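Trainee: Using the sequences and the hints given, assemble the complete structure.
Protein chains in written order, with the working numbering: chain P, 1 to 364; chain V, 1 to 440.
Derived by calculation from the structure, the hints in this document are not laboratory data.
One or more hints might be untrue.
Stated by the list, open to error - Here are the computed lysine to any residue pairs in the SDA-like style, where the Cα-Cα straight-line distance is at most 25 angstroms:
1. P:K230 to V:N14
2. P:K243 to P:T223
3. V:K60 to P:A183
4. P:K230 to V:G130
5. V:K424 to P:A183
6. V:K60 to P:G226
7. V:K60 to P:N239
8. V:K60 to P:P204
9. V:K60 to P:S133
10. V:K60 to P:F238
Unchecked claim - Distance ranges between label pairs, derived from CB positions:
11. V:Q132 to P:E224: 27 to 37 angstroms
12. V:Q406 to P:S113: 36 to 46 angstroms
13. P:S338 to V:Q132: 47 to 57 angstroms
Unchecked claim - To spell it out: a stretch of chain V is covered by chain P in this simulated footprint if at least three of its residues, at any positions, have a beta carbon under 8 angstroms from a beta carbon of chain P; those stretches are:
14. 57-68
15. 100-108
16. 139-151
17. 246-252
18. 302-308
For clarity, every value in this text was computed on a predicted model and none was experimentally measured.
We put the beta carbon where it would ideally sit given N, CA and C, even for glycine.
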Amino acid sequence: MNNNRREMVDGAAAIARGALDAGCDFYAGYPITPASGILTHMLRELPKVGGIGLQGEDEISSIGHCIGAATSGATVFTASSGPGLSLYSENIGLAIMMEIPLVITISQRLGPSTGAATASAQGDIQFMRWCNSGGYPVIVLSPTNIPESYHLTKRAFKLAKRFRSPVFIATDKETVMTTESVAETEMIDAPDWPEIPDEPVGKPLDPYQVNGTIHHYTGSSHTEEGHITKDPDIIAVFNERLKNKIESRVDEISLVKPDLDIGAETLVLSYGVTARSMEAAVAQLRSSGEKVSALTVFSLWPIPEKKILDCLKGIKRIIIPEMNHGQYRHEIQRLTNSDIDLVGVNRVDTFLITPEEIMEAYHG
Amino acid sequence: MAEPVLDTYIAEENLPYEFCPGCSHGKVLGALSDSLKQQGLDPTEVVIVTDIGCVGLSDKYFVTHAFHGLHGRAITYASGIKMQNPALKVVVLIGDGGCGIGGHHLLNAARMNTDVAVLVFNNFNFGMTGGQHSVTTPMDSITPTTSLGSTDAPMDIAGTAKVNGGGFIARSTAFDKDLPDMIAKAMNHDGFSLIDIWELCTAYYVVRNDFGRKEMMGYMDSMNMESGLLQETDRPSFQTSYKHIQTQAGEQKPMSGLVLETKFSSDLDKPIRIVLAGAAGQKVVSAGNLLASAATLSGLWTSRRADFPITIQTGFSVAEVVISPEPVLYSGIMKPDVAVLIAPEGKAKIARLTKAMEETDTVYYADGLGDADSDATQLPLNFPDSAKKELRKNISVLAAGYLTKQLSLFPFEALKEAVRQIQKPKIAEINLGVLAHFED
Ligand SMILES: Cc1ncc(C[n+]2csc(CCOP(=O)(O)OP(=O)(O)O)c2C)c(N)n1
Ligand code: SF4
Ligand SMILES: [Mg+2]
Numbered sequence: 001m002n003n004n005r006r007e008m009v010d011g012a013a014a015i016a017r018g019a020l021d022a023g024c025d026f027y028a029g030y031p032i033t034p035a036s037g038i039l040t041h042m043l044r045e046l047p048k049v050g051g052i053g054l055q056g057e058d059e060i061s062s063i064g065h066c067i068g069a070a071t072s073g074a075t076v077f078t079a080s081s082g083p084g085l086s087l088y089s090e091n092i093g094l095a096i097m098m099e100i101p102l103v104i105t106i107s108q109r110l111g112p113s114t115g116a117a118t119a120s121a122q123g124d125i126q127f128m129r130w131c132n133s134g135g136y137p138v139i140v141l142s143p144t145n146i147p148e149s150y151h152l153t154k155r156a157f158k159l160a161k162r163f164r165s166p167v168f169i170a171t172d173k174e175t176v177m178t179t180e181s182v183a184e185t186e187m188i189d190a191p192d193w194p195e196i197p198d199e200p201v202g203k204p205l206d207p208y209q210v211n212g213t214i215h216h217y218t219g220s221s222h223t224e225e226g227h228i229t230k231d232p233d234i235i236a237v238f239n240e241r242l243k244n245k246i247e248s249r250v251d252e253i254s255l256v257k258p259d260l261d262i263g264a265e266t267l268v269l270s271y272g273v274t275a276r277s278m279e280a281a282v283a284q285l286r287s288s289g290e291k292v293s294a295l296t297v298f299s300l301w302p303i304p305e306k307k308i309l310d311c312l313k314g315i316k317r318i319i320i321p322e323m324n325h326g327q328y329r330h331e332i333q334r335l336t337n338s339d340i341d342l343v344g345v346n347r348v349d350t351f352l353i354t355p356e357e358i359m360e361a362y363h364g
Numbered sequence: 001m002a003e004p005v006l007d008t009y010i011a012e013e014n015l016p017y018e019f020c021p022g023c024s025h026g027k028v029l030g031a032l033s034d035s036l037k038q039q040g041l042d043p044t045e046v047v048i049v050t051d052i053g054c055v056g057l058s059d060k061y062f063v064t065h066a067f068h069g070l071h072g073r074a075i076t077y078a079s080g081i082k083m084q085n086p087a088l089k090v091v092v093l094i095g096d097g098g099c100g101i102g103g104h105h106l107l108n109a110a111r112m113n114t115d116v117a118v119l120v121f122n123n124f125n126f127g128m129t130g131g132q133h134s135v136t137t138p139m140d141s142i143t144p145t146t147s148l149g150s151t152d153a154p155m156d157i158a159g160t161a162k163v164n165g166g167g168f169i170a171r172s173t174a175f176d177k178d179l180p181d182m183i184a185k186a187m188n189h190d191g192f193s194l195i196d197i198w199e200l201c202t203a204y205y206v207v208r209n210d211f212g213r214k215e216m217m218g219y220m221d222s223m224n225m226e227s228g229l230l231q232e233t234d235r236p237s238f239q240t241s242y243k244h245i246q247t248q249a250g251e252q253k254p255m256s257g258l259v260l261e262t263k264f265s266s267d268l269d270k271p272i273r274i275v276l277a278g279a280a281g282q283k284v285v286s287a288g289n290l291l292a293s294a295a296t297l298s299g300l301w302t303s304r305r306a307d308f309p310i311t312i313q314t315g316f317s318v319a320e321v322v323i324s325p326e327p328v329l330y331s332g333i334m335k336p337d338v339a340v341l342i343a344p345e346g347k348a349k350i351a352r353l354t355k356a357m358e359e360t361d362t363v364y365y366a367d368g369l370g371d372a373d374s375d376a377t378q379l380p381l382n383f384p385d386s387a388k389k390e391l392r393k394n395i396s397v398l399a400a401g402y403l404t405k406q407l408s409l410f411p412f413e414a415l416k417e418a419v420r421q422i423q424k425p426k427i428a429e430i431n432l433g434v435l436a437h438f439e440d
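Mentor: Here it is as structure tokens:
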């Protein structure tokens, strides 16, 4: 690693730079720790490049501005935390129905409600997935560190465009607000991840334009041409398509980092900032002679089922550290058979999960 | 009057309207179509953004672009559409119900003076959901939700937009012959425009309250809410103001990262976790940044967290720095190797951490803070005598200097280089002066 040049950077700057480099030209948001840093960067940077950045009167207005701007051709972005996600949620359903490419960062903090403002958490993993009426699938990516915050943000914009869908970046207070030294090359060099195709699944978004084709965007059930319909057959086909456009392409969206130890019977599976404690714990366990595998999940939703199952050969126990009461563990439970023991390492007390706790869970 | 492009902007294949007989909504849509014709607009130049409610059924009757979103939020979408493509003429059709649930958006769009035209279909109740009372329902009205008469003062929608700075504000009725003209003026105003159009919901409000056209006009008089143009200003629209911001911002440099190149070396062979705990205003976080940057300049890896109360100018201020020969994975600190107590607020805040420390760990304390409840070795911050005068203003950078000397994590030169590379020249000069006390 050429690590002579290191950048001092936090997650907020990495995410803002990722968005700008992805071609984002419209941002609207409302201040909330730990997402305000992203708002500040975007509002300062966008006008420099001819884009638009504004602070809405609330999160509802902010996401509403984004959706409107997207229909006239903008590449849009907003960021908040759990409380803001509550206010976004009705409009997330609208974005799904209108098929708006919309990138949303949720920088998680410990709830419920205002909670322990401001401590790190991973309590909104299910909330992001299920916050829309109807339970339609969305895409959720979760970076474990600052370079990944940059690269996954860029990827989120590609996915949003391809699937014409809301795409979340699920991060947290620790990653967004901690300044770290990072090898400059890691911020620049794209990770070795499979490319996301450019062409959209289905029709590309057709923005309003003077002398363009007339377009109707509506949150009501509509035909493929945008006309309101109450025809049950048309509605059924449309709604199935909304679900399938994402669920039938799980493999394309799936992004994980397996670190498998041949012969290991324990797999530690984690995501977000907690995956870093996992990495530290696994390294220490291995250095004391233990055989243990690790799996970092970057694409939390849709669940990368195949990629997870691929890592379970010979595994008798899965340890799942996460800063909530076991939100992802329940998903893994759904995938695995009863021969595999599932062990949660969970914290909701403002502290990060430590490598020691994971090692303790390992030694059981 | 411009050359007509179309005879009507109504999508005639979708007629007749679904509205109840006598409902005013159809009249206003007709006036809008006439106005578009009078303005000679191409249908692709116009986006009609409808709210929810009976008024929200309107988008499908137009041959223009259309957008039908959520209840109360129409103005937010319209504003986004216009911001991104100023060539479009954006018209919002919203009910009195939408102006209630989305009142915040209405008054803020007026304040921003965003260039959209809002037509309020004000029929004094929620038509679509069964005639419940809305923000404009007159006092004493009978509705399903005010069965003994409403007791809330009605909201003056036009008045609200007016006092909040909306550029073009008018009040009309669905029966006004000049409504198409008024709509054209509103649409051509460069800034926020709103017409509060009073009208009749024949299914509910009219029948329950014996409120016909005559009664409506009488009510208007009794409330002193005159019709016609109420306000027209030449305050610049959001679009105009933001162009200036873009021009000014365009001259600034884009954001770039702070890159530090390794210049020094270090013998550190395992991670060290340091907590600086002081009070607001003592520049504790900045001292944490200096330590992290100096370590980075010395080939080490670092993370720096900050914790302070929401009321940032009072209370504690804590910086947690991890310095390591390998990239930092876990950036938390449950038990510091070194804690520096700079002020009582910080000492109290990290009491849990100092309590967890062991004999091999060290607490350095400023004057009067030497009795932490901890097994750690506790040592005073023994600043050089010459530095005493700096204590009030620059104790944190002194602490950074002191730690650098005591712990030998990296050369003292690295700390000075960090000051030069990451701090603004004026501050750097002060801090280099402070650090010089360690070299006398
Ligand atoms: C968030 C939300 N709450 C409630 C509703 C139900 N709803 C539909 S229309 C309406 C009232 C509409 O009244 P108004 O805006 O005055 O329009 P009108 O029907 O009178 O034309 C309500 C409350 C909704 N669609 N969305
Ligand atoms: S319910 Fe009222 S507003 Fe709705 S269509 Fe009938 S008369 Fe018009
Ligand atoms: Mg109404």
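Trainee: Going back to the hint list, which numbers does this structure go against?
Mentor: The structure breaks hints 3 and 16; every other hint is satisfied.
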